[in-house]
Amino acid sequence: MLGCTILNHQQHIGLQKLSALAGVTHSSLGPDKHYKFIQDDFSGESALACSCFRILQNLELTCAVGQLVYETIRAHHKLYHTGSGCLLFLAGAWGRVALECLQRGITVGNIILSMSEGMDLCLDVCRRSSVSIKALGAIQSESYGLGLHPSKKPKAQKIKTLKLSRHFCEVESENVSTELQPHQSKHPDIAHIAEGLSHGCAGAMNLVVKASRIQSKNNQDISCSTFDITKVVTCLLPGTPEDSACVLPGCIFLLCAEQASLAHQLQGQHLRVALINGDLSDTYRHLGFKTPKGITCVSEKSDLSSSSKEEEWLEKVVTLLLNLDVQLILVSGLVSENVALRCCRHRILVVEKVKDSALQAFANAAGAVPVTYATQLSKHCVGTGVNIVIWRELSSHDRKPTTAVNICTAGNSELVTVVLTSCVHGKLQSLEDQFWACAYRLHHVLKDNVILPGGGVTEMLCVHHLHKHAEHDVRCPTGEKQNSDQQATPNLYRGVVLHLMADGLIDYISTVMVNTGRFSKVRARTAVSQHLRNYTENFSISAKFSQLFLEGEDVSAVSSAMKSSEGTSPMIYDSLSVKREAWRKALDLVFLVLQTDAEVITGIDQKTDGAPQNPEFAGFTFL
Amino acid sequence: MSRLVKKSPSVCTDMPLDNTDICEKLSLFGQLVRSCLGPRGRLKQVHNDIGGSVVTTSASSVLLSVVSSSQPFINLIKTSILNHVSRFSDCGLFAAILCLSLIEQDKRAGLRGRVAIGVNKHLLGLCTAYLQREDCGCKVRLDFSSSQNLIRLACSSISSKPACVLTAAEALHISRLCVQAFLLTVPCDSPGIVRLGKIVTMSVEGLSVLTSAVFPGLLVDMRDVLEVEAPHPNPLRVVVFSASLAGDLSEIGDGRIEVRPGVDMDSQVLDRLLELSEQVLRDEVKLFVCQRVIHPVVQQYLRRRGVIVIERLGVTLMEPLTQLTGAQPVATLHSPVPVTAYGRVSNVSIRQFGSRKMLHLHPPEESAICTMILCHRNETMLSELKVVCQKTEHVLRLTLRDPSALLGGGCTETHLAAYVRHKVRINLTETIPALGCSQAEYLLGVEGFCRSLESVATALEHDGGSSLIDLTHAHHWTLPPDVMKEDVEDSLGFCGCGLVASSPSKQWVCLNTKNPHISPAALSGGATVQPRVLDSFTAKLNALQVAVETANLALDVRYVIQDMN
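If you read the sequences in order, they're chains A and B. Just so you know, the first sequence maps onto residues 1 to 623 in full-length UniProt numbering. Just so you know, the second sequence maps onto residues 1 to 565 in full-length UniProt numbering.
It should be emphasised that the hints constitute simulated quantities derived from the structure, not laboratory data. Remember, it's a predicted structure, so these values are computed and weren't measured experimentally.
Below are the SDA-like pairs computed for lysine to any residue, each with C-alpha atoms no more than 20 Å apart in a straight line: (1) A:78 <-> B:204; (2) A:447 <-> B:354; (3) B:357 <-> A:360; (4) A:290 <-> B:242; (5) A:78 <-> B:382; (6) A:78 <-> B:353; (7) B:357 <-> B:202; (8) B:386 <-> A:71; (9) A:427 <-> A:40; (10) A:17 <-> B:53; (11) A:447 <-> B:353; (12) A:355 <-> B:223.
Next comes chain B alone, as it looks inside the complex (with noise of 0.2 Å):
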């Protein structure tokens, strides 16, 4: 008998932006992701509610994957900004904050959608030409032929995650290392389409950060090396197997099998393992490595033949071994392994990071495969490590599509904002009749564009301190809480990326008050001082993308229905 069970109907919520649990819930979500920016962001501590593991972080990826809402609009937002991460690693939080302070500033200001909509994809536009401009002044040419700009480059995304728990010489010394990795993954001289590398992270807790390194080649774990201190000829023949050889029967998956008694099925799979480990010992095999399980027998067969076993590799080093080796991966125990399947690998050494024991395979000749072993005091800030790792790796190769970087520290998002405000008022008669609306309405919409990008640079102050901006080239500047009227040229120092030094000429304006329109001056070309902070260019344009198309869809949205079944 079955049982009926009334539907419940659908909720639609008209006009979501003006419902204020949604309303609540959005600058609760905006508080959240406004306090993890920046290197002294906010941490949270992620967990269940049934005890599991406790994950600190102020990543955006990790954040946001675990957050969802019962309210679908808020869904929607977050689920933007995570494919945006996961296309570009780097600006999640930027993308987040922007898009939230759009609407909200749209909101506040009272715009019509329409209205809102059209001014702030007209803002893009001008924003993005911009930035493409040779001349923009709030970007920086990477110059390959040093890895100086490189290595700020990922030191900048290194120290933006403070969960790491990083000291200034431990941040230089994984930066140096991402970009080391970095390099080895791009081939030198692979004639025709250029084909990147891989990086393999593998992580060590208990170490100092100072002992993490990178390897040409690949490293894997090893629970019995003493077979490896024999001598080996160069280069060691490689077979790989991707089909499982625990010798059951796993290959033929869930189907019904019949047996006529007295048919040992596991001493057949095993006779056929043996046949197939002859084969590879007469095709003079060295190194026999296994996706999944070996069985022992056939373990201890290989190994007493002076053969290195490497089993249960795992799927995620599959694809850089097989890169590395040139060997084709075998999915079969039930035919002979063809000769073309065969890789090799140059040499073989061990090498140990506190009480984990690897061996370490080397390319038979350039490869761009590498492999960075992280180590960090504890669980937490090691997985935290991981991740930034990660993405500045991901921030490093985006440089091969476009060799810039955006000047870092909320500098570029002031200078926007300014260059924003001044283009406006220039052009203020040539736009208002293409966008349909008042000079009045297209004012205010300006206005809640330029305060939400500068809203992301005050965002990165957490400790009460004030925003500043200076009033020839637009950086972004901070104020710490306690400083007297009379200091403050002595306390500001060098703007947020470090860019430009404070000086008695220098005057500073708040943000967040009536700004007085100036036209940002570019800083003189040949200038010698470094910008010590800089961002992603490619990541944080396309963020930039996605967080205005994000606010207008969101301020376009004029009913949610949800179904309550």
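Okay, chain A solo, but in the shape it has when bound (with noise of 0.2 Å):
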């Protein structure tokens, strides 16, 4: 069966769900973002979200629009882990452009294709007011300081040569100011990229900073732009102060108290290590394994018990990993009780559930080969020097670990782990994706190789390229009739669209400034379009604005406008592929959504659910 909506075109229902959707988040846009609590109704469960992905996975979207508007928000935070928000707001507020757009009479054909130009105008700002790194190392400019988040310390930095800013001066860490001086040019300072990377959540970037240093240092043949995240790798520690977070070279497991004795003994040595892929059974059988049925056992004698088979295999097993002298198991699954009793009788270390990325580390690191069943080990899949050190007792009970321990290769171990402790256990996975959402951002912009300048900068400049565009169609409305064979008529909504687009910017910008605390939403706004008079007003300035910044010098001169009365602020990055992506993925959810008419819903019974006269189909006529 199925019910089939026809929208009305005026009142784009598609369009206003997905504007409201996207209020649904505003809160968790900007640096100063707040906790939301999402509450089951029917279960009483509820959930602590901050970020934009983690409120849209707790309610359950069941309409059309909801669920691919989640889609697209996992997909990106899946590739990007930041930057939902970004999306989702964009979309809503561009949503509500289309919407406008709409009513005002404009086609979807003219929305769509001034639309898309808008989109190319901004992208095409960010990609001119992008800097690369490498001249950001070399030129610590004064400039870019655009504080819309007055909260901020004021740091200056200075210009072109080489001086260094006073960066420089409070990285704490020995190793960085050591290469800093000689190479400084072709490997920038990492710390302050990632301050301005930060976005609000300094404590998670300080971790992400620490963790970079750490690799930069076990890899010296990797230069230190790089950060790999599939080597981090994150543990959690409820009930610990949060302050005691904290990076460490190496992978940390969480044992039991009969393992952590075990570990005990074997610290200090060179382990020698197998590694498993799935669990650590008689019975468990790779994927794909179909274990026959309807087997029956025959025999004149009496039937041996079926633990003789498992006591068989656990004997095959671990005569095994005795000849090898294997002293450490690293199993990607679940490890049965019995085998790991057994090892740790042998004085075999059996760590269980260890993460796919770090067991491809140790592989690489101590020259294992990960292999499916313990009976296929042999001499050349073992690994060799690996170390167990004790980390931390933790005072726990009933069963639960106790000792953390750390076990790293001796040698170039490229794992790091991050340690993120919390008092209350619900904010974890807040901390968590924090940390990620940092990670992640440095890690893209040290790919991308360059930087945007953050903090509404950019989007301020999309607002006024937006508007020159736009006025200059308004002065000459059928200016450039070009490409004719393309297009019919030339178009004439492109300025009205080009306004509403920018505005949707400057909701952006407006919002996250209201998020901040201190502003209202009438004062941000006052702030922003006093800001954008003072460019267009001052006509030399802002062409010398745009032709200067884009060469990534001086941009005093807009800054000032956006200062708070604090004086100046540090410097805010952005990184342009996640902003790119998430714009246009926002753009992209608004013109399928825009170009939808019809919901249809398949597997509706009409006889069994009386859907005619079920409310929750009231609306939808049935085929």
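Once you've looked at the hints, go ahead and assemble the two chains, each given alone in its own frame, into the complex.
See the structure below:
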């Protein structure tokens, strides 16, 4: 069966839903985020969510637009771990733009054409205002300090020459200061970039910087201008104060009491390690193996008990392990209790639930080959040179883990563990999300090798450019009738649409400002429009601004307007690829919803559900 | 104890076309398909009521296959259109709109079933005969010496689905790839019967459309690519297994097995697998492929000896792989691999798309297998793009059957309608006796038929613009809704297919008004202008027949009897 709504164009329900959904996550925008409690009325369960992605994940969205939004956000989050809030906000804002255009009688085709042009303009601004990291290493300019976030402490940077800014003096770690001096132009200061990318999560970003330093110390060959997130694992420790979060080379595992005592004995030795992909038990079979049904055992003698089969397997495995002199087994799946006990008795430490990336890193570092079955192990599969260090004894009881150990390879351990702590269990998820958001932001910036001026500067530039083009259209409306074979009529509405798109961006900037708690909605808007007027009125400055800024030089002229009473603000940066993707995806979402005029629901049985009478399907027609 | 359930009686609907419920549903169905047509068509969000994933589409193949009605009468029409789509891929919406419109027009005109059917049949014959004529005014010969027309044909097909969200440059890129892939599947110098190759499409989410590409040979997903980095001899010997090498006894099905204690079946099967591996190694196989799972021990054994192992290839890639390598899939592990079963590839290399690494198997000689990697920013748009590319591939293939294309953008429909009107007027006196109806009935039927054709052209416009035809060539023109009367000529620019430009000497009339009779002139031969929008000739011709025949069948249905149990 099928239900179907034909939507009224003037009040496009899909776009309205999109805008409403976007409203839910307004508070998660910008550096000053607010937690949200999401409560399930039926089960009474609740979740603490902070990021846009988590809020959507916890809301069970059943409408088509809701699912489309969630799918988009999920795909974006999977790849970037940051920028979902921006994506959804702009999808909502630009959705309202499309709605407004429809109400003004602009056709869907023209809306799409004009908004695509607007997006091209914005992306062009992004491309041109991005600054290469190398250049940034050399040009620590006083510029870009456009402070939409006046809560930050002022910091100044010096311009153009290789003069060290104050940031470099603040760096605590010794190895960074040493590497900065000789190759400064090659290796920009990660701490400085990271600070600009922290977006209000300074704590999380500190951990990221520490992790990146450990990585670059370990890998001299890899230049420090990359940050490999696949070699970073997080370990969550509830019940410990937040400020005890830390970063360690190696991999942290939580062990129970029996394992812990064995770990104590093994501490300080170079261990031989085996890696198992899958579970470690006699009944485990690899993925895709079908255990045959209907097997009967015929025997003249009385049956051997089934435990003996496991015993046989255990004996075989343990003998093999002892022959190979394995002292440590890292297992990606689960370990059966009997195996763990038997191994413990033979002084072999078995650690379960090891992440795949960690397993791979151990394989590389220790020269081990992961196998699926313990019986597959042979000499060349076993790695060497792994150390166990007791990292911390955790006071805990009830068969819970008691000891945290650090397992690392002696030479060049690639793995870095970030230990995240909180007294509030529900907050750990958000802390982990924040950490990954920062980590991915830095990762992408270093991969792109360019950064964008953040804190709303890029958005302001886009607004400025959109306005400029819109006004150009107003001044000479039928001006160019270029490539007339492509388009029969000049797009009369471009100006209007670009103006509205710019409003969407202004809305974004002012919402971020409101979220800081220092501005009311009205004051934020006035500040933004004041700022905009400043550089449209002062034509020469704006011209100079766009010229100079785009070449990566001084832009102090613009930034002054947005500066708060507290004076200068620190640099804020954004990732080019994250921003570009978020904007594009936001507009894609708007286009998909805008062009949709009907929702088709399959699988409704008119007879059994009594669907036509069901209030859930009010407004639907049945085919 | 068994329970008796009273059988409910069957429901019989007399004259289904007079039933208001059916009529309402037909008109809803019509609205649904009409709103999807063309590059500016509206999209439909398809999902189930329990929160499954949302598909956003305007493609008939996707939409019609999920739509089902409580009225068998509507399902009959739907199935008929779907059959056409499964055979020709293109023009599904055209067929659906035309068919529903014909039913509606004939019903509205109050024609008796027999008469309407007879007239429709007669006019269909008129149309097909005209379309097949050399001098048909809405047909273009495709010139295979240049790829331009093929790319235009592909581009029209790709641009007709807005859910792909492509820019003009992206649409052109994809069209070129489709044509390139199509040409790669046509074998160059194989004597005898030519067997077309295959395009394997793989999609990668999260990358720009412009990174999409076509490669000769086959690309397969690979989890562990380290092993490939070692140099390999050229060409490489390949073995392909269709049997599972997981080490289980899945081959014997669900039968009962009796075993003696102490017998370890798993290890016996594994021993057999290792024996097989040994044989393959002796025969110097360098690439070991299995459709299903390979036991990890076997994988380890082979990899350690320098063999590239690919498991879980999947059933869809088996056929192209055997075509590419010439290998015979081995279906059992209980007998040695015959030497004739081995195939070969000339080389292997690694290609990376985003985070996905793939192994590129190069064909041993010229081969008609190629792989198309489609990239797009999100899943929704990517899945529509995949559907559209497969449709385009089919459309291009159909050109081999008949190297012609029809003018797109609604021009074929309006031109054909004008031709039918003209032809009917000339031959009025000869036709009526043969049809056995009055002249008035005949003219009503003709008007309904022509209006139905024109309604497909009108359905291309979704923003309130009006559809016009010119009085010389009877091509289709669209006038935006907000144009002043004096600007009409400027606003029109080109006709729907892009072949005719607006000029002061042209005259237009609105469709759906009382049309003056014109004899549509074909454009003079050596015109330098090429049409920008082309439709598949073969698909549209068949769609026309399917639409008319389905409408005729629907008009002929007297009773619908529904079993309610």
